[in-house]
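Generate the whole structure from the sequences, applying the supplied hints.
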Amino acid sequence: MLDRISALLSRGPAKSGMAKDQVPEKQLAAVALLIEVAYMDDDFEIVERSRIAELIGRYFDLDSSECDVLMEEAEAAARDSGQLYEFTRVINDNYSLEERVELMELLWEVVYADGEVHDMETGLLRKIGGLIYVSDKDRGFAQKRVAKRVVGGTA
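Residue numbers for the sequence shown, in my numbering: 791 to 945.
These are calculated hints, taken from the structure and not from any lab test.
In this text the structure is predicted, and so the values were computed from the model without any measurement.
C-beta atoms are modelled at their ideal positions from N, C-alpha and C, and glycine is treated no differently.
Hints should not be assumed to be uniformly reliable.
[As the list claims (entries may be wrong)] Below are the DSS-like pairs computed for lysine-lysine, each with C-alpha atoms no more than 27 angstroms apart in a straight line:
1) LYS917 <-> LYS934
2) LYS816 <-> LYS927
3) LYS927 <-> LYS938
4) LYS927 <-> LYS917
5) LYS917 <-> LYS938
6) LYS816 <-> LYS934
7) LYS816 <-> LYS917
[Unchecked claim] Quick list of simulated restraints, FRET-style, between CB atoms:
8) ILE836 <-> LEU887: 27 to 35 angstroms
9) ALA866 <-> LYS927: 28 to 36 angstroms
10) VAL907 <-> LYS927: 17 to 25 angstroms
11) LEU887 <-> SER855: 15 to 23 angstroms
12) GLU892 <-> GLY942: 17 to 25 angstroms
13) LYS917 <-> ASP883: 14 to 22 angstroms
14) VAL907 <-> ARG839: 15 to 23 angstroms
Printed below as a string of structure tokens:
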């Protein structure tokens with residue numbers, strides 16, 4: 791099973807004009823985590839899907855077709871994986887601490903996308919934060935920054 795996940799992570803998107811080497815596995819791993827968070831409340835809503843596409847487009851500087859391909863691949867990887875460790879290993883191997891904190895902000899953006907913060911989502915972010923070595927303090931600050939943007943209407 792891990793071989794299949796590794797193959798998905800290293801393969802990258804195969805359509806929409808994007809070459810395999812244009813979408814690194816670090817993007818696929820990050821988006822898979824965003825999708826895992828969206829699914830945590832058992833409902834991957836359109837608003838969450840749209841928010842993820844917007845976030846990854848801005849964060850990774852992708853156009854809409856590239857976002858669609860990346861999300862499709864990441865969704866397949868998340869579905870096939872059933873665990874976070876493969877994705878968090880890729881994050882730890884490829885992201886600086888600052889980038890991991892930024893990823894925590896993206897994850898919080900997904901949690902807040904549907905207007906409800908569920909305990910299971912908060913627990914998952916706590917787990918992901920631990921797996922990618924983001925301190926409770928940094929994770930809390932990331933959440934507060936996102937909450938302030940959401941309440942302030944600048945999300």
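For the pair GLU892 and GLY942, does the Cβ-Cβ distance stay inside 17 to 25 angstroms?
holds, 19 angstroms
Is LYS816 close enough to LYS934, meaning Cα to Cα at most 27 angstroms?
With Cα atoms ~25 angstroms apart, LYS816 and LYS934 stay inside 27 angstroms; holds.
ALA866 paired with LYS927, Cβ distance criterion 28 to 36 angstroms
holds, 35 angstroms
LYS917 and LYS938: Cα distance at most 27 angstroms?
holds, 23 angstroms
Does the Cβ pair ILE836, LEU887 satisfy 27 to 35 angstroms?
Once the Cβ atoms are compared, 33 angstroms apart, the range 27 to 35 angstroms for LEU887 and ILE836 holds.
So if I understand the rule, the pair passes when the alpha-carbon distance is 27 angstroms or less; does LYS917 with LYS934 pass?
Holds - the C-alpha atoms of LYS934 and LYS917 are around 18 angstroms apart, at most 27 angstroms.
Is 14 to 22 angstroms respected by the C-beta to C-beta distance linking LYS917 and ASP883?
holds, 19 angstroms
Under the criterion that the straight-line Cα-Cα distance not exceed 27 angstroms, is the pair LYS816, LYS927 satisfied?
Roughly 24 angstroms separates the two Cα atoms, so the pair holds.
Does LYS816 pair with LYS917 here, judged by a C-alpha cut-off of 27 angstroms?
holds, 19 angstroms
17 to 25 angstroms as the expected CB spacing between LYS927 and VAL907, which holds or is violated
holds, 19 angstroms
Does LYS927 pair with LYS938 here, judged by a C-alpha cut-off of 27 angstroms?
With Cα atoms ~16 angstroms apart, LYS927 and LYS938 stay inside 27 angstroms; holds.
Taken at face value, is the distance from the CA of LYS917 to the CA of LYS927 at most 27 angstroms?
Distance of about 14 angstroms is within 27 angstroms: holds.
Hint compliance for this structure: hint 11 is the single one not met.
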